[in-house]
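Enquirer: Spelled out, the chains give:
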Amino acid sequence: MLIDRQARIIEKKSWGNYYLFRIESPEIAGRAEPGQFLMIKVSNHLPPLLRRPISLHNAENGAVEIFFQVAGTGTRLLAEKEVGSTMDLLGPLGRGFTVEQKLKGQEVFCVGGGRGIAPLYFLARKLKKTGAKPVVFYGGRTKEDLPLTNKLKELGLEVMVSTDDGSAGFSGLVTALVGETLATRSPAFLYACGPEAMMENLAQLCQRKNLPAEFSLESIMGCGFGACFGCVRKIKRNGQPSYLKICQEGPVFGLEEIVWQEKENG
Amino acid sequence: MLIDRQARIIEKKSWGNYYLFRIESPEIAGRAEPGQFLMIKVSNHLPPLLRRPISLHNAENGAVEIFFQVAGTGTRLLAEKEVGSTMDLLGPLGRGFTVEQKLKGQEVFCVGGGRGIAPLYFLARKLKKTGAKPVVFYGGRTKEDLPLTNKLKELGLEVMVSTDDGSAGFSGLVTALVGETLATRSPAFLYACGPEAMMENLAQLCQRKNLPAEFSLESIMGCGFGACFGCVRKIKRNGQPSYLKICQEGPVFGLEEIVWQEKENG
Amino acid sequence: MVDLSVDLGFLKLKSPVLAASGTFGYGLEFKPFYDLNALGGFVIKGLYFSPREGNKPPRLVETPCGLINSIGLQGVGVEKFCQEILPQLAQLDTAIIVNVCGEDEDEYARVAEYLNHYEGISAFELNISCPNVREGGRCPAQNPEATYRTVKKVKEVSSVPLITKLSPNVTDIVSVALAAQEAGSQAISLINTILAMAIDIENRRPRLNNIFGGLSGPAIKPVAVRMVFQVARAVSVPVIGMGGIFSAEDALEFIMAGASAVQVGTANFVDPDVCLKIINDLKNWAEQHGVEKISNLVGCVKI
Amino acid sequence: MVDLSVDLGFLKLKSPVLAASGTFGYGLEFKPFYDLNALGGFVIKGLYFSPREGNKPPRLVETPCGLINSIGLQGVGVEKFCQEILPQLAQLDTAIIVNVCGEDEDEYARVAEYLNHYEGISAFELNISCPNVREGGRCPAQNPEATYRTVKKVKEVSSVPLITKLSPNVTDIVSVALAAQEAGSQAISLINTILAMAIDIENRRPRLNNIFGGLSGPAIKPVAVRMVFQVARAVSVPVIGMGGIFSAEDALEFIMAGASAVQVGTANFVDPDVCLKIINDLKNWAEQHGVEKISNLVGCVKI
Ligand SMILES: Cc1cc2nc3c(=O)[nH]c(=O)nc-3n(C[C@H](O)[C@H](O)[C@H](O)COP(=O)(O)OP(=O)(O)OC[C@H]3O[C@@H](n4cnc5c(N)ncnc54)[C@H](O)[C@@H]3O)c2cc1C
Ligand SMILES: Cc1cc2nc3c(=O)[nH]c(=O)nc-3n(C[C@H](O)[C@H](O)[C@H](O)COP(=O)(O)OP(=O)(O)OC[C@H]3O[C@@H](n4cnc5c(N)ncnc54)[C@H](O)[C@@H]3O)c2cc1C
Ligand SMILES: Cc1cc2nc3c(=O)[nH]c(=O)nc-3n(C[C@H](O)[C@H](O)[C@H](O)COP(=O)(O)O)c2cc1C
Ligand SMILES: Cc1cc2nc3c(=O)[nH]c(=O)nc-3n(C[C@H](O)[C@H](O)[C@H](O)COP(=O)(O)O)c2cc1C
Ligand code: FES
Ligand code: FES
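Protein chains in written order, with my numbering: chain A, 1 to 266; chain F, 1001 to 1266; chain B, 2001 to 2303; chain V, 3001 to 3303.
For the record, the hints were derived by calculation from the structure and aren't laboratory data. Watch out, some of these pointers could steer you wrong.
What the hints assert, rightly or not - Computed cross-link-like contacts, BS3-like style, restricted to lysine-lysine with a CA-CA straight-line distance of at most 25 Å: (1) K1081/F / K41/A; (2) K1041/F / K1081/F; (3) K1236/F / K2056/B; (4) K2080/B / K1234/F; (5) K3031/V / K41/A; (6) K3056/V / K2302/B; (7) K234/A / K3056/V; (8) K3080/V / K234/A; (9) K81/A / K1013/F; (10) K1126/F / K1104/F; (11) K13/A / K1081/F; (12) K3056/V / K236/A; (13) K2031/B / K1041/F; (14) K41/A / K12/A; (15) K234/A / K2302/B; (16) K1209/F / K1236/F; (17) K1081/F / K12/A; (18) K1143/F / K1153/F; (19) K12/A / K126/A; (20) K1236/F / K2080/B; (21) K3080/V / K236/A; (22) K2277/B / K1041/F; (23) K3014/V / K3031/V; (24) K129/A / K151/A; (25) K1081/F / K81/A; (26) K3277/V / K41/A; (27) K2056/B / K3302/V.
Said to hold, decoys possible - Computed list of chain B residues with no C-beta within reach of chain F, every gap over 10 Å: (28) P2087; (29) L2092; (30) L2297.
For every residue, glycine included, the Cβ atom is placed at its ideal position computed from N, Cα and C.
Take the sequences, apply the hints, and build the full model.
Expert: Written as structure tokens, this is what we have:
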């Protein structure tokens, strides 16, 4: 974990509300693991006061990639940055996805909803390298929400897309697509990142099917490195459920660890 | 007085810490008088919270000009704006300099210190049109503080410059230069804008010489249009000295009106 | 068509958006920017019996997302106000509220008595919470007993409905609000500014000549929302909320916290037409959210 | 060479910059970013006798130039702290201050008594001002008598120097500070957070599960500077100032207002190495301004 105050944006793409940046940051890129995240200072002026957590979408050749959706002031300011300008990054933070050697040769599902696809690209790359066979499920409300479909296909992966309105791929929720697919296929593991409701539904599916899984959770973060106790969620780890820091003990947690009902206050 | 939220920057120049913008704003330009000012929103985000007061440096052909020096956060953000971007202007505000017809054919002195030169360009143009003969005194710490010298000369005016360090023109304070010049010449009026100490010294000179004069004062401004009572200074107008609003009753005041000792708190 | 009107009981407002005292001059300063009749109303700058000079400048300093002022209630006094300004306001079709000030309880009452005789004043807002006139920022609203006495005294002489404006510089805002209600105040407005200070480290002096001033603006909004929420749940009279409102979304926070109406202060300096914008945006928000009457939202926050 | 050291009487600090409780974890979280020995010291997150869960999330919300938190003092309790964390801190050569909490006066005393037996604690900071644990944000620091009683009780059992941390949610900060001094507190630190609230207007719910939380960050700096100034002029013990310090310039405002040392809170979240930067910038500022000893600036504001 380190601070890179001079990370330079070397590529920028955008699709509507979605943005992808490629940022030169050799040291962070060198340490990054799929599922970890960055805390990004979106502006040199206040507000916003706090950094914003954004997943590592990729890390290669001394650069990291991020993929994000404009959700408010912070991400809007981030989106306004241009190629050539520098950013202040803190990372890599948190514990990423577990990729065990025993997945070699096995089929694994990676399920991303909306901006939740961000860390799964990086994960799928690593899975492939390990010799696993990742199948990526990519869901959105409409086809405009699926800008990374080609990028994923270019990795040589099987990609199944779904849209709530049927404008591309499977018509319906991505959870329904995963459910249907599970009727005929038996992956060794499932990884997911996306809206809370999506992940909770997937967790139920996995429980029924006895399918081991990991989920990347979100939470409002004050610091990103364990200092503020702001990001906690109820997690069962070594015994009783207790409030664990998402930023340090997660953001990735195992199926059995997560207490979903603890949604509290929307 | 009106709000132009879409005033477009059409020209930008800079010299070190000094900036000149030409901004398309036909309605404000059409009403502007020398000595009046704008309240400028320097950013669409907070902070800074408040607009910043900047004098009208010129108004012609549907555009206004401003000339400013970076003094803090607000002016720094202003300086970062680029040609083509739009600004939110409120103006023209306040009461400008008095230019009476009887100055026709007479010599008048315009004394600007540092960024205080800003409104005097606009004033000198108007004086020339009236048929007066403006002589511009332009003082700075060093020759880098005098970026408008040529622009003033191009108006066809007599321009006398001074620098504290002698790097250009008269070596010493601009007040000394004015004092020396007054030994041999007898202008009909003096106008000044600049640091408080400079103006106070000039006021003493004028009093001794019985030279009528007007000064453009500064004050921290909350609103710029009379609503907050934040910008007051002690002024003698119709009787006893009282706190008058610089933004509405000024920023230009007559020699006899200003209570200089009322500097209060640096 | 969304219904923006608000019934305070003693006063019907066209919209829940008022301009706050001390930030709207005498109203006339804003005429160039829009038709003031769009407003729910506005509150006149604090008025003492006699004209007042106010504090020595500098009187303003900007802080992160905030503004500290130490104006000290510079103003024209009741006579000039009634002779020269009120007649110009009388033509407006919107609520004119006078912010009533006093050095002591007697002066508050004298101001109220004087103003009683004039037409065109919809209500008094009793300013017992200005931090800029007494030593160390003290004011009656910092004490339930002093609040009760002052309100009671004015209530007895006043023929105009009474709103009492509270100070945030207290340990227990609810006890002060209850005292004002008990003494007959027909509404509570809050918050006035938070006592604050800034130092110019180069000169090693306070930035304000008065040393202390009152903090306003977005910085204080979370404190104001909290206090409005606390007071609205404790009193039975309507609450008028303010503190850092710059947008319709900000106004809605206060309304949902329990404010029947809101006041917009510092924002008027930045965007002279901000009240108009907030009113329009409130209307749009209500339409988009299927809210027929803005006042249905008052205090709707679920806890 | 500028002398940054500060002598609080009961404790010598290498520099006037401490990290504030609750914003520096147990210190260890910051080891990756710089050598903690550069600090004047740091204050451990609030410690109760037993481990505590803290409040339900969401626990944070950002506001204009501010942060509201309702962590509710989640923590490991004294036993685990002394067994597992303190030994790791003992190797550091900087002041370790423990923020002592309690549900009631007895618990404060029990925590102090327990910690007395361990080496490596430079001082206790008595946290009688957390707005996040009792109903409606109440705390002992809102009342001079409760303050006196709590401080006195801890003082009687404590073998470690005592700092008392005050709450800004009061009418009269000076009376509380005097009560703490009277009861034997050897220093006063202030301010803790300001009680605040934010509402999610789309969901019509408070943004924090706990409804209220404490506001920190640049937004509150002008309020904090004012209170530090007031307290420093009234007490004879040293004052430790905090609230919204993000830069050396901010720190200097507090020092000139009368703070012998400062604490940096929320800023640690944004820039984990901010304390180090502030220390370096303070040194440079002092050099440029011909100040040989930072502590010569304490309370130097001219009024
Ligand atoms: C570990 C982690 C990784 C993330 N990775 C990505 C990513 O790769 N791409 C991406 O587009 N987004 C990602 N997010 C979400 C992203 O952090 C939020 O969208 C962003 O912080 C919103 O900030 P804002 O200023 O734009 O919006 P705000 O105006 O602050 O808020 C807009 C909405 O976003 C919610 N929000 C605010 N902060 C957070 C937060 N920390 N987490 C979740 N929701 C929040 C608010 O409650 C509000 O509803 C991630 C979040 C976490 C915790
Ligand atoms: C009527 C009027 C006309 C002006 N015209 C010009 C102009 O044409 N060109 C130009 O360069 N400057 C002009 N100024 C000064 C300019 O407004 C300030 O330099 C600017 O507001 C500083 O803002 P900031 O955010 O950059 O600095 P801040 O960080 O806010 O402050 C930096 C320094 O400037 C001082 N300052 C802050 N606000 C003002 C203010 N309103 N007036 C004076 N000093 C202030 C502060 O006390 C501080 O010492 C004018 C000021 C007034 C009142
Ligand atoms: C410059 C200024 C002057 C003020 N004068 C008064 C006043 O005369 N009477 C009063 O009751 N409140 C006065 N206030 C307080 C405001 O009415 C309001 O309560 C406060 O500023 C909080 O609202 P805001 O954050 O929207 O400004 C003044 C505020 C400012 C900024
Ligand atoms: C997330 C968070 C947790 C805090 N926890 C504590 C605490 O445990 N004990 C305490 O005395 N103060 C606590 N505080 C208050 C800070 O120590 C400090 O007094 C306050 O935040 C003001 O300083 P700042 O604006 O620099 O953050 C906490 C503040 C924050 C933001
Ligand atoms: S975000 Fe601060 S502890 Fe997790
Ligand atoms: S700046 Fe507001 S009255 Fe002059």
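Enquirer: Now tell me if each hint is right for this structure.
Expert: Tested hints:
1. With a C-alpha separation of about 21 Å, the suggested pair K1081/F and K41/A falls inside the 25 Å cut-off, and the hint holds.
2. With a C-alpha separation of about 12 Å, the suggested pairing of K1041/F with K1081/F holds against the 25 Å cut-off.
3. For the hint linking K1236/F to K2056/B, the alpha-carbon distance of about 15 Å falls within 25 Å, and the restraint holds.
4. A C-alpha spacing of about 21 Å is found between K2080/B and K1234/F, which places the hinted pair at or below 25 Å, so the restraint holds.
5. Restraint check for K3031/V and K41/A: satisfied, since their Cα atoms lie roughly 21 Å apart, inside the 25 Å limit.
6. Proximity of K3056/V to K2302/B is assessed by CA-CA distance (about 16 Å); at most 25 Å being required, the pair is judged to hold.
7. At most 25 Å may separate the alpha-carbon atoms for a hinted pair to count; K234/A and K3056/V meet this at roughly 9 Å.
8. Using a Cα cut-off of 25 Å, the hinted pair K3080/V and K234/A holds, with the two alpha carbons roughly 21 Å apart.
9. With a CA separation close to 24 Å, the supplied pair K81/A and K1013/F stays within the 25 Å bound.
10. A hinted pair counts as satisfied when its Cα atoms are at most 25 Å apart, and K1126/F with K1104/F qualifies at roughly 11 Å.
11. Taken as a hint, the K13/A and K1081/F pair is honoured in the structure, with Cα atoms around 24 Å apart against an allowance of 25 Å.
12. At most 25 Å may separate the alpha-carbon atoms for a hinted pair to count; K3056/V and K236/A meet this at roughly 15 Å.
13. For the given pair, K2031/B sits about 21 Å from K1041/F by alpha-carbon distance, which is consistent with the 25 Å threshold.
14. Proximity of K41/A to K12/A is assessed by CA-CA distance (about 17 Å); at most 25 Å being required, the pair is judged to hold.
15. Proposed proximity of K234/A and K2302/B is supported: the alpha carbons are some 23 Å apart, at most 25 Å.
16. Distance restraint check for K1209/F and K1236/F: the Cα-Cα separation of roughly 21 Å lies within the 25 Å cut-off, and the hinted pair is therefore satisfied.
17. The hinted pair formed by K1081/F and K12/A meets the criterion: a straight-line CA distance of about 22 Å does not exceed 25 Å.
18. Between the alpha carbons of K1143/F and K1153/F the distance comes to roughly 16 Å, so the proposed pair stays at or under 25 Å and holds.
19. Proposed proximity of K12/A and K126/A is supported: the alpha carbons are some 23 Å apart, at most 25 Å.
20. At most 25 Å may separate the alpha-carbon atoms for a hinted pair to count; K1236/F and K2080/B meet this at roughly 20 Å.
21. Between K3080/V and K236/A the CA atoms are separated by roughly 20 Å; this keeps the pair inside 25 Å, and the hint holds.
22. A distance of roughly 17 Å separates the Cα atoms of K2277/B and K1041/F; the hinted pair therefore holds under the 25 Å criterion.
23. With a CA separation close to 18 Å, the supplied pair K3014/V and K3031/V stays within the 25 Å bound.
24. The suggested pairing of K129/A with K151/A holds, with an alpha-carbon distance near 17 Å, which does not exceed 25 Å.
25. At most 25 Å may separate the alpha-carbon atoms for a hinted pair to count; K1081/F and K81/A meet this at roughly 15 Å.
26. Of the pairs offered as hints, the one joining K3277/V and K41/A holds, with about 17 Å between alpha carbons and a cut-off of 25 Å not exceeded.
27. Using a Cα cut-off of 25 Å, the hinted pair K2056/B and K3302/V holds, with the two alpha carbons roughly 16 Å apart.
28. For P2087/B, the requirement that its beta carbon stay farther than 10 Å from each beta carbon of chain F is met, with the minimum near 19 Å.
29. Its beta-carbon lying about 16 Å from the closest one in chain F, L2092/B satisfies the requirement of being farther than 10 Å from that chain.
30. No Cβ of chain F approaches the Cβ of L2297/B within 10 Å, the least distance being about 26 Å, so the stated non-interface status holds.
The structure is consistent with each of the numbered hints, conforming to all of them.
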